[in-house]
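In case you want the letters, here they are:
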Amino acid sequence: MEFSMKDFWNGSRRALARAITIVENEQDGYEEIMKEIYHHTGRAQVIGVTGAPGAGKSTLSDNLVKFYRKMGKTVGVCAIDPTSPFSGGAILGDRIRMNDLTLDQGVYIRSMGTRGSLGGLSRKTADAVKLMDAWGLDVIFIETVGVGQSEVDIVKNADTTLVVLVPGLGDDIQAIKAGILEIGDVFTINKCDRDGADRLNVEIEMMLDLGEAQDWRPPIERTIANEGKGIEDVVNGLNEHRKYLEESGLLEERRRERVRTEMAEMIHDRISRHVMQEITETGKFADYVERVYERQTDPYTVVDSIVGNIFK
Amino acid sequence: MADKKIRVLVAKPGLDGHDRGAKVVARALRDAGMEVIYTGLRQTVDQIVEAADSEDVDVVALSLLSGAHNTLFPEVVEGLKKKGMNDVLVIGGGVIPAADIPGLEAAGVKAIFTPGTPTKDIIDFIKANV
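Chains A and B supply the protein sequences, listed in that same order. For what it's worth, our numbering labels the leading residue of the first sequence as 1, then goes sequentially. For what it's worth, our numbering labels the leading residue of the second sequence as 1001, then goes sequentially.
In case anyone wonders, no lab produced these hints; they're calculated from the structure. Treat the hints with care, since some could be wrong.
Unchecked claim - Okay, derived cross-link-like pairs now, DSS-like style, lysine-lysine, Cα gap no bigger than 27 Å in a straight line: (1) Lys1120/B x Lys66/A; (2) Lys6/A x Lys1005/B; (3) Lys6/A x Lys1082/B.
Unchecked claim - Just a few of them, taken from the derived set where beta-carbon distance is under 10 Å, the chain A residues facing chain B: (4) Arg13; (5) Phe86; (6) Ala90; (7) Arg97.
Glycine included, every Cβ here is placed at the ideal spot set by N, Cα and C.
All chains should be built: construct the whole structure from the sequences, respecting the hints.
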């Protein structure tokens, strides 16, 4: 099907879906699409949902979306699952928990594979979110892959980050390690009817107490997502945080920082592609590899000379 | 430019609860480098069509073991057409009598893969027809 920006602006879901595909694959014309929509972004409230595999991110997102729908908001969901580093394929299964939402025309759900990205998102997540934003969705959820400790790219993409925890995964030292526990603006203890929920609650509180006091103290909510319990508390926490972001000026600060990192990444990307293309097409790269392998030279000298030649 | 990845919706329309076959196919397609969106059991035709639309898939792979294929498969094809998704490749699998296959193909299901089909045949068919 031909893609047209006119359909996109007229609210065609087909056009939104197709636009995301074009941008995700970097097909011809993708930059023109992004250039055109960019000025219409920045309206939506962007909420990140992250946590360990099986913590209940999808089920929780499903419930949160329903709640925002009742408040009359239109909602987008960007659901990320891992791409196999071996085959490049992926099984994207987040929709299984969101089937009730499929027929709601006020909801748009898109599943994405990480496609080699390691931070818990895909490289094109930010662009997909911008497309949903420009298309007119009010609230956008980004659901990360099931994360371990260090996949924290979500903070660069969301205004508010919800960290989903479950009881029984580790001791209190786990809680003060660097990583995902540092990025929660709101926490929820999901499956809170299981043993260990109180202890986990105390551990998070302690972790928060150990740091310097901040203006925003992340609330710790409790949910049983598959029974729909505690959802309103989480929504209240998210909205409180949104209010805090707006009143403190932090929202602008975070978004300005996002522009900075995003542009730096784009420059980095463009330059590295240019350099790699240059040296692979001329066959120089294979020669260098061989010479370094034979210990005739070393990678540090080679990289100096390659980069020096291109930017002289 | 990055390669265009093939996106496949693996869906189970109707009321049977047997998804072993669908999972085997999903796994095989994943290993062939495709992105497989799996939506779980007991999907209505409308849900399948909406999901295919939102996810902008190239292929819809239907699996059915309940006997309702003659009704449900053509309904999915029709639903996709109504959305303007004429270029989506619809294929089917499951316990489907040989006598039903020509009718399904006439209705726009491009291929039917019955039990015992090597997954490679499915992969090759998709790659040749997307």
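Evaluated hints:
Taking the CA atoms of Lys1120/B and Lys66/A, the gap is about 40 Å. The hint is violated against a cut of 27 Å. About 26 Å separates the Cα atoms of Lys6/A and Lys1005/B, which keeps this hinted pair within 27 Å; it holds. A C-alpha spacing of about 20 Å is found between Lys6/A and Lys1082/B, which places the hinted pair at or below 27 Å, so the restraint holds. For the restraint placing Arg13/A at the interface with chain B, the shortest Cβ-Cβ distance is roughly 6 Å, inside the 10 Å limit, so the hint holds.
Hint status for Phe86/A: holds, given a least beta-carbon distance of 8 Å to chain B, under 10 Å. For Ala90/A, the suggested interface contact is upheld, since its CB lies about 5 Å from the closest CB of chain B, less than 10 Å. Contact between Arg97/A and chain B, as hinted, is supported at the beta carbon level, the nearest pair being about 8 Å apart and thus within 10 Å.
Of the numbered hints listed earlier, the single one contradicted by the structure is hint 1.
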